[in-house]
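Residue-level listing of the chains:
Protein chains: 2
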Amino acid sequence: MAATYPVDGTNRMKRRHDRGFYDHETVHRLLDAAALCHVSYVIDGQPFCTPTLFWRKNSTLYWHGSSASRMLRNQAEGHPVCLTVTHLDSLVLARCGFNHSADYRSVMAFGRARPVTDPAERAEALVDAVDLLFADRTAGLRPSTGQEIKATGVIAMDIERASAKIRAKGVVDEEEDYDLPIYAERIPVRTVLGAPEPCSRLQPGVERPASLAGYHEGRPLEDALAEVRSAAGD
Amino acid sequence: MAATYPVDGTNRMKRRHDRGFYDHETVHRLLDAAALCHVSYVIDGQPFCTPTLFWRKNSTLYWHGSSASRMLRNQAEGHPVCLTVTHLDSLVLARCGFNHSADYRSVMAFGRARPVTDPAERAEALVDAVDLLFADRTAGLRPSTGQEIKATGVIAMDIERASAKIRAKGVVDEEEDYDLPIYAERIPVRTVLGAPEPCSRLQPGVERPASLAGYHEGRPLEDALAEVRSAAGD
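One line per chain: the protein sequences are H and W, in this order. Be aware that the first sequence starts at 3, since it is given in the working numbering, and climbs by one per residue. Be aware that the second sequence starts at 3, since it is given in the working numbering, and climbs by one per residue.
One chain only, chain H, in its complex shape:
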């Protein structure tokens, strides 16, 4: 049987059962197709929803930022967090207001924040932060300084529960409404790469590494990310 995340009242899809998935394969695939997530956490009863870059290793999600940031200072050991990724795939225009909708793929992952303090896990995380976006990039960079490493906070969240939700069906109307003379359509939405813009201050002879070939104009961002991450494996 395929590995799945445990299901309880937090992540169970109470309605729309047909849209819900809990298996690692689906959840991880949708996470790996994104660079950006939204992390929710609570300070004194007030929820915050902060966008940030993130990455996955096995069933652990990581994000990082300035050690001084509010988000990182308040994501102390054991604090509950929810990390959500959403891919908007279309806008759906139906024959009545009620059936207007959108196609999307999303994951909500639940766990507890764990500031990464172990030096080995921290060092690996700071490499992954770059190399799980751009394969093998760290090896060719100016090494991080002690001050840079100290200034970077890293948070891990072992996924305790997660659910994926997928709508991928375009226009769906009430059966009797298909007879009406009303226009309906699905408008696809895609997040794509533009033409890479080399830094204007490159040294003479410095060429774009072949390892960046997957990042080319017009390609869906998620395809470029999935390629890097499937090559990195679990």
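Hints in this document: simulated from the structure, not taken from any laboratory. Keep in mind the model is a prediction, meaning the values are calculated, not measured. Backbone N, C-alpha and C fix where the C-beta goes; we use that ideal spot for every residue, glycine too. Do not rely on the hints blindly, as some may be mistaken.
Here are the computed distance ranges between Cβ atoms for each label pair [said to hold, decoys possible]:
(1) 219/W <-> 233/H: 26 to 34 Å
(2) 60/H <-> 147/W: 45 to 53 Å
(3) 14/H <-> 47/W: 14 to 22 Å
(4) 9/H <-> 206/W: 43 to 51 Å
(5) 119/W <-> 147/H: 37 to 45 Å
With a cut-off of at most 20 Å between alpha-carbon atoms, the simulated SDA-like pairs for lysine to any residue come out as follows [said to hold, decoys possible]:
(6) 59/W <-> 232/W
(7) 167/W <-> 72/H
(8) 16/H <-> 154/W
(9) 16/H <-> 70/W
(10) 171/H <-> 68/W
(11) 171/H <-> 197/W
(12) 16/W <-> 171/H
(13) 152/W <-> 98/H
(14) 152/W <-> 152/H
(15) 167/W <-> 68/H
(16) 16/H <-> 20/W
(17) 171/H <-> 67/W
(18) 16/W <-> 75/H
(19) 171/W <-> 204/H
(20) 167/H <-> 197/W
(21) 16/H <-> 101/W
(22) 152/H <-> 99/W
(23) 16/H <-> 75/W
(24) 152/W <-> 17/H
(25) 152/W <-> 72/H
(26) 16/W <-> 153/H
(27) 167/H <-> 72/H
(28) 16/H <-> 167/W
(29) 152/W <-> 99/W
(30) 167/H <-> 193/H
(31) 16/H <-> 67/W
(32) 16/W <-> 68/H
(33) 16/W <-> 48/H
(34) 152/W <-> 119/W
(35) 16/H <-> 152/W
Following the hints, put chain W in place on chain H, whose structure we already have.
Frame of chain H, contents of chain W only:
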């Protein structure tokens, strides 16, 4: 003086002051450029981060969903929420790991949930939910039934505090690192529309309304949205 949202410990940019904006014009422009947001709320101490479509009227944000959904049932009168919108504009590859970054424009808006129960505000909200995505569309649709209206929950949040955060500078390295023979670039990221896909069950002679002309292949989603919303005015 331009209208701004009040600033306190919740929304003040403590670091990176150059990236922070509190004026209505900037905050509203970034909100109006998005159809999708992430809403954070708290149930029994556990934060949830739910993606949903939303829209703005003046300084009030609205979202809707099934009356039976967990999100809507738990966003009771007065519950604190945070609604965040993020536009990812690029991935930035620098000459060291520390300066890898992304260009983005985001808004975090804070307030309290207010279930919309007044019949007039509800009726207006259900029209806006469609017409602030697709100009004048509701007038040509099959009218909503009482059952559909009953099944739709609408939440409003009057914005009490908000901040916009913008990074738009591509590659920025330490001055001495520009001398290194390391490749660096900015990779633009755009969310664009695909070719509209008419419903396969359209009645003969039903044409695409001219009012949808702004939704055409290759156009950035945010431009199409901004056009509809600036025409609707405040």
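Looking at the structure, which of the earlier hints fail to hold? 5, 12, 14, 16, 20, 21, 25, 27, 28, 29
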